[in-house]
Structures are given as C-alpha cells and as structure tokens.
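**Q** Kindly produce the complete structure, drawing on both the sequences and the hints.
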Amino acid sequence: MGTVVFFVFAILAVASAWGVVTSKNIMHSALYLALSFSGVAVLYVLMNADYLAAVQLLIYTGGIAIMVVFAIMLTLRGEISDSNPENGVWGWGAIISVLMFLMIALVVLTNTDWRVLPTPWTSGGSASDISLLLLTKFMIPFEAVAILLTMALVGAVVLAKGVKVSK
Amino acid sequence: MDALYNLFNVLNNVFVNIAIAIRSLFADPHSVWANLTMDVINFIIVVIIVVLAALILILLERKIAGWTSQRTGPNRLGPRGWFQTIADALKLMGKEDITPAGADKFIFKIAPMIIFSLPMMTLAVIPYGKGMAPLDLDLGIFYFVAISSISTLAFIMAGWGSNNKYSLLGAMRAVAQMVSYEIPLLFSLLGVVMITQSFNLGVIVEAQAGLPFIVLQPLAFGIFLIAGLAELNRAPFDLVEADQEVVAGPFTEYTGLRWGLFFLGEYGNMTALAALGATVFLGGWQGPIFLPGFVWFFMKTGVIIFFMMWVRWTFPRIRIDHLMHLAWKVLLPLSILNILLTGLGIYIYRLVMGG
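Heads up: the sequence lines are chains C and D, in that order. Quick note, the first sequence lines up with residues 6 to 172 if you use the numbering used here. Quick note, the second sequence lines up with residues 2 to 356 if you use the numbering used here.
Just to be clear, a hint being listed does not mean it is correct.
What the hints assert, rightly or not - Cβ-Cβ distance ranges computed for the label pairs, FRET-style: (1) D:L338 with C:M72: 26 to 36 Å; (2) D:T100 with C:L137: 32 to 42 Å; (3) D:M325 with C:T80: 15 to 25 Å; (4) D:I49 with C:G7: 44 to 54 Å; (5) D:L37 with C:T80: 42 to 52 Å; (6) C:M108 with D:V353: 57 to 67 Å.
As the list claims (entries may be wrong) - Partial list, computed: chain C residues near chain D (C-beta under 7 Å): (7) L57; (8) A59; (9) L62.
Don't read these hints as lab results, they were simulated from the structure. A quick note: this is a predicted structure, and the numbers were derived from the prediction, not measured. We put the beta carbon where it would ideally sit given N, CA and C, even for glycine.
**A** This is the structure:
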C-alpha cells in the first residue's frame, strides 16, 4: 500500500519537475513547480514527517509558488506562450546536470555515514519533537535563520521602495 | 428517566455503532481492507456534507439577504421558496460551457475543480461528534490551514487562465488579501493550541468539556472571525469579486457549471471555516446531554454561518488599503499580543497550581 502511494507521488513529483524545466510557457513552469512541491509533501507524509509535509504545503505550495507566479507576472514581456526560450539549450543543461549528479553521488557513496536506516518514527507527534529540538539543541541556528530572513525582508523592502535621503 | 438517558446514548453513538458494524463485516475488523472501506465511506459522507451544505446555504443566504434588507426573498418555488436552489442548479447545468479564445485552456478548466476539492479535504479532519472525525489527524489545525492556503493558487490560476484584465486584477487582489489574512488566522488559533498542547481537533474538543475556549480566548475568536471572513473573500472583504470595480474578478469568464463549481467551493469553504470555528472556540460536539453531539456541532456551525451572512448583508465593502492596514497593523499585532497573554496566563496558572 505504502509502496504504491510512494511511486504514484514520486512519479508525480519528478514528472512535474520535468515539466518545470521543459515547458515553453514559463507560467506553466511555475504551476508545475507548485505541483512538484505538493508531491514532495506527500512523500514527507510517507516518511512519518507529517509536520514537515504540512509546512511544505503551507510555505512552498501556498507561499513560495505564489511569489514565483507573481514575480513572473510582474516581469513578463512579450508573448506568454513562448516565454521560456532558454530551455532549448539542451547540451549545457545536460553537462551541468551530469556534473551535479556525479558530485552528489560521489559524496553520498563515499560517506557511509549518510545512510540512515529507514526506520519509522514512533515517538508521538512530530510537531512537539521538532519544536523541542528547535528551542533547545538547535536554538542558535534557528534564531540566526530568523534574523537572516528578517534582514532579507527589510533589504527587499528598501530596494523596492528606496530610502529617503536625510538632509 | 433511565430509558430517556439510554435513548440519548443510542442517538449519540448511532454513527459510531454503524461504523463498528460495517467493520465487523470483515474477518479482521482492523485489516487494511476494512480501513480502506471505511475511508471510502467517510470520503463519500464528506462529499455529501459539502454538497448538501452548499445547496442549503445558497438558499439560506438569499433568505437572510431578504430578511436584512426587508424584502421577501425567494418565495415562489415549492413551499416558501425552498426549492429555489434546485431550479438554480438546473439552470446552471443547462447553460453553455464557454472557454474564451485566448484562454490558457488547461489552467482555466482545472482551477474551479481545485477550489471545489479543497473544502472536501479540510472538512475531513473535523470531529462531527464523539469519535466521529473522518480522519483523526494529529496535526488537524495545521493541516486545515495548509490545505486552505492552496486556494490562493487556484484563484491565480483562474484569473490568469481567463486571459482577461478584470480576472487578473481580481486574482492579484485575491493573492494580496488571502496571503495577508492567513497569518492572523493561523496566529489566532495558536492560543488554543498552546492551552491544549495539541494540534489534534479531537483533543481540543475534549479539552472544552468544562467551558468552551471562547471564554478563555475572546480576542482570538474575534480575530479568527474577521480573518476567516477575509480568507473566504466574503463581504465586507469581497474585493476579489467586487462587481462594481472588477466585474466579477477571477470568475468573470466562467459560465455554466464551472462557475457553479466556484460557487459550491465558496460555500463549502465557508462551511469548513465555520466548522473549524465551532470546533476550536465553541466546544464542537460538547454540550448539555439533552441533544446528541453531532446536533450540537451542526447547531454551532450554523450559528457561525448565520453570523457570516448577517455581516455580509450589513457592512459595506472595505477599501483595499484599509484592508491591508487592518491585516498588518491591527490584526497581526493583536494576535501576537494574544499569544503573549496566553503564554503568560499558562505560566501563571502553572505557578499557582504548581503543575
């Protein structure tokens, strides 16, 4: 049962990722991206990471994908049905993908520590575990990320609105 | 007296007992196939709830509109006009299904289906009675908010796919409004989560046996209602489909049953949000013993829905800059204040009780 669900949604995620890079219409690429995010969310559920799956849906499908679509709408010029000409460049894309894949494969295969045994998570709801870890063991990285994101947000607002020069 | 009490007990557990009876038809009542059968039955029940709710609410909305503006409302078809919705549905089915020439066809066609499917997914985690949640998820509230955030994307798809200025304007308004109001909505629910230490809606209802959380969290309930109305794009926050400004927003180009799907989705979402409010703040199926739990639940949901309709026909539409102002400068600080006060309250409670 779990295997069937896994393959259905893994294929969905990979196929829509394929759609992101090959679609001629960049708007379709953005919507395929949202579908890919949703497929990954279901894979998280199969790994008993329910909280992560819900966050994936809330932040990525409901937030990031919409920001991407918006950015496309605001920067678009010309004909929409042929708005993504760069994905015709197959040679360079293939070279970069193969190099990337080789690098990741090398790191994964040479480091035996990466192989985590696929045991199901048993202790309680994942939300409470994550919150405990975030507020004890990973407190400093968590706060650092929060400050970084706030700074990025302020920077984006300043860049977009400009700053009044004080005399 | 004993017989009466037994009768209520039977009524209270009637659906749970039916579920147990269906399960007992299998050799092993907890096998994969028994679970799958129950899931399918639960799914069908949720779909029926969405469709029935839409059918009833459309008529109710027109009746309440009549009541608030002192006219009669629909009163011709059937007894006191109660068959009006059926006639409306038949009319919608008979209309031509038009796809605009310049539309992005696939996106245009799939957007109403997404909107209609979301309330089915969100209503699946609501506990309708004791042990009557179709899906007993540990992350109930979080799942609800995560799923309903997808509807923003469906609005963009509808607005973009229609290839129409007004649709796109409406879609942009939808995004601005729904992304902003999602945050106070989620934060207003966090106070209750802090008290119960759980996202599970069943646990939250159990915790309200003594007194409903509206007593402990009145501020959060107010924020929830306002942000919820804005999430649903209903008046006074119906800037998305403001007829005088952007024709009908993302729905401008839709005809026939596709437009009907949007309409059903809107009422389904409204039911889902009202059910969430009834579950989290009004005590869900908890209530005095003289009525079964699911009756209490649907009565509380009905009260919230009535309130939403009442608001819609009472207040004028809010301006877009005021809308953003309300979300970011009023509701968000208030909801953060509510979280702070709840945390302080829990801390003091533990200090006093020595927990």
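**Q** Each of the hints needs a verdict: does it hold here or not?
**A** Consistency of the hints with the structure:
1. D:L338 with C:M72: 26 to 36 Å: holds (28 Å)
2. D:T100 with C:L137: 32 to 42 Å: Once the Cβ atoms are compared, 52 Å apart, the range 32 to 42 Å for L137 (chain C) and T100 (chain D) is violated.
3. D:M325 with C:T80: 15 to 25 Å: Since the Cβ atoms of M325 (chain D) and T80 (chain C) sit about 23 Å apart, the hinted range of 15 to 25 Å holds.
4. D:I49 with C:G7: 44 to 54 Å: violated (29 Å)
5. D:L37 with C:T80: 42 to 52 Å: holds (47 Å)
6. C:M108 with D:V353: 57 to 67 Å: For M108 (chain C) and V353 (chain D) the Cβ distance comes to about 59 Å; the hint holds.
7. L57: violated (10 Å)
8. A59: Hint on A59 (chain C): holds, closest Cβ of chain D at ~4 Å, below 7 Å.
9. L62: holds (4 Å)
Of the numbered hints given earlier, the model fails hints 2, 4 and 7; all others are met.
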